[in-house]
Amino acid sequence: MIVQHTEAIILMDPIIYKAAEQGNLRALEKKYDISHLLDEFLTVNKNTILHICISSILVKEKFPATGGTDLASAVKFVEDVLSKCPAFLLKANVEDDTPLHVAARSGHASIIKVLIDCKKSQHQDLENVVATKEMITREMIGMLNKKGDTTLHDAVRHNHIEVVKQLLREVDREFSFGANGAGETPLYLAVERHFPDLVSEILNTFQSPAYDGPLGRTALHAATFSNDAGMIENILERYGRDLCKQTDQKGWTPLHLAAYLGCVEPTKLLLQYGREVAYMKDAEGRTALHIAAHRNQEGVTKEIISMCPDCCEVVDNEGRNALHLAVHSRWPTAALIIQNNPSLRNLLNQADNDGNTPLHHYYNSVGYMKGVLNSPRVDEMVFNKKNQTAFQILRSKRFPTDGDEVQYSALQRKRDEFYLVLEVD
1 MIVQHTEAII LMDPIIYKAA EQGNLRALEK KYDISHLLDE FLTVNKNTIL
51 HICISSILVK EKFPATGGTD LASAVKFVED VLSKCPAFLL KANVEDDTPL
101 HVAARSGHAS IIKVLIDCKK SQHQDLENVV ATKEMITREM IGMLNKKGDT
151 TLHDAVRHNH IEVVKQLLRE VDREFSFGAN GAGETPLYLA VERHFPDLVS
201 EILNTFQSPA YDGPLGRTAL HAATFSNDAG MIENILERYG RDLCKQTDQK
251 GWTPLHLAAY LGCVEPTKLL LQYGREVAYM KDAEGRTALH IAAHRNQEGV
301 TKEIISMCPD CCEVVDNEGR NALHLAVHSR WPTAALIIQN NPSLRNLLNQ
351 ADNDGNTPLH HYYNSVGYMK GVLNSPRVDE MVFNKKNQTA FQILRSKRFP
401 TDGDEVQYSA LQRKRDEFYL VLEVD
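Numbering (UniProt numbering), first residue to last: 1 to 425.
Please note that a few of the clues may not be correct.
[What the hints assert, rightly or not] With a cut-off of at most 16 angstroms between alpha-carbon atoms, the simulated EDC-like pairs for lysine to aspartate or glutamate come out as follows: (1) Lys119 to Glu139; (2) Lys146 to Asp197; (3) Lys113 to Glu170; (4) Lys281 to Glu313; (5) Lys84 to Glu134; (6) Lys119 to Asp70; (7) Lys84 to Asp13; (8) Lys84 to Glu29; (9) Lys119 to Glu170; (10) Lys165 to Asp212; (11) Lys250 to Asp282; (12) Lys245 to Glu276; (13) Lys268 to Glu284; (14) Lys91 to Glu29; (15) Lys119 to Glu95; (16) Lys245 to Asp197; (17) Lys250 to Asp197.
Worth flagging that the hints you see were computed from the coordinates, not collected in a lab.
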């Protein structure tokens with residue numbers, strides 16, 4: 001079957017492409033009048049001669065490219081093209097990238113100045129600076145491509161600080177640069193990629209910069225992930241304690257994330273701004289202490305217990321306290337921290353929804369080591385809802401040591417004596 005294409009495909013003349021790539025307007029004008037043939041100056045992906053020229057600017061790289069043009073020639077080319085045909089300014093390609101997107105992504109501040117100045121010259125009737133900034137932001141810097149990126153997104157993503165500064169000088173301070181298609185705001189991108197200078201620039205420019213990230217996360221989640229106390233403090237000073245309580249799709253606050261990663265300094269900062277966040281539960285009912293204990297994060301476990309001792313009483317959706325989860329670690333240092341805290345002894349024999357105490361869980365864990373949960377306050381005779389003691393679980397799961405066998409036999413005798421007394425009564 002022969003497929004017929006009804007839409008005509010316009011191909012760019014190689015002479016045009018080469019002239020644009022080299023920033024050579026004179027070579028182009030020998031054959032064409034650029035002020036009247038806008039559609040003929042497009043590639044198959046709708047790139048204009050400005051797109052081609054800007055993306056062909058040579059930069060210092062490990063592997064130098066051949067061809068292309070220098071920055072000065074490109075600036076002159078862009079200026080001359082726009083003076084003859086201003087329609088090129090906002091012409092977007094198939095990805096909805098304007099020449100400004102390409103310049104921001106490539107880090108060419110001088111090109112961006114030419115593009116913005118051209119736009120300003122088209123609106124000389126605007127009487128004040130505020131109106132001009134609103135127009136520039138709305139019609140240029142804030143324009144979205146198909147990925148939902150503005151030029152600010154592109155500049156931040158590639159850590160082009162001079163370009164970011166240039167764009168921020170031109171924007172309306174009240175404009176909200178929202179999330180792109182991936183759920184990233186410019187602020188979130190800067191924090192996630194650990195560009196502290198860009199974070200400061202954005203926070204100092206906008207009255208209320210959006211801080212959203214993907215999967216329900218915020219810039220504070222990203223700063224916590226980076227374990228950057230300075231960045232966390234800057235964000236909290238700007239947005240306040242309420243941001244500490246915002247959760248992602250899993251129900252995790254930034255404190256949950258700090259607990260998971262073992263970030264002690266972020267944990268201190270987050271708790272200083274509001275201790276109540278230590279009591280917040282995720283989708284599984286787990287607090288940050290549950291997470292820290294399960295991950296055997298010793299420093300975070302100590303910090304949370306020190307500042308919020310009663311959060312140890314909180315249980316998850318399965319009725320488990322932090323000690324239940326701590327004993328599952330291969331090196332359960334966190335379990336020892338809880339076990340050896342006199343005020344937390346009530347956790348030693350607390351049963352979960354299945355009647356299992358921390359000792360039941362410990363003997364059922366892969367990280368079983370002698371010496372943990374050996375407090376005389378641990379009740380070794382407690383039965384779960386399956387009528388099993390912890391030692392019965394131990395025997396069913398692994399070969400115990402001789403010492404365990406002796407201890408189990410002693411407990412078994414006690415149990416037999418107990419039932420014998422019941423039968424006599």
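Please list, smallest to largest, the hint numbers that this structure does not respect. 2, 5, 6, 7, 10, 13, 14, 15, 16, 17
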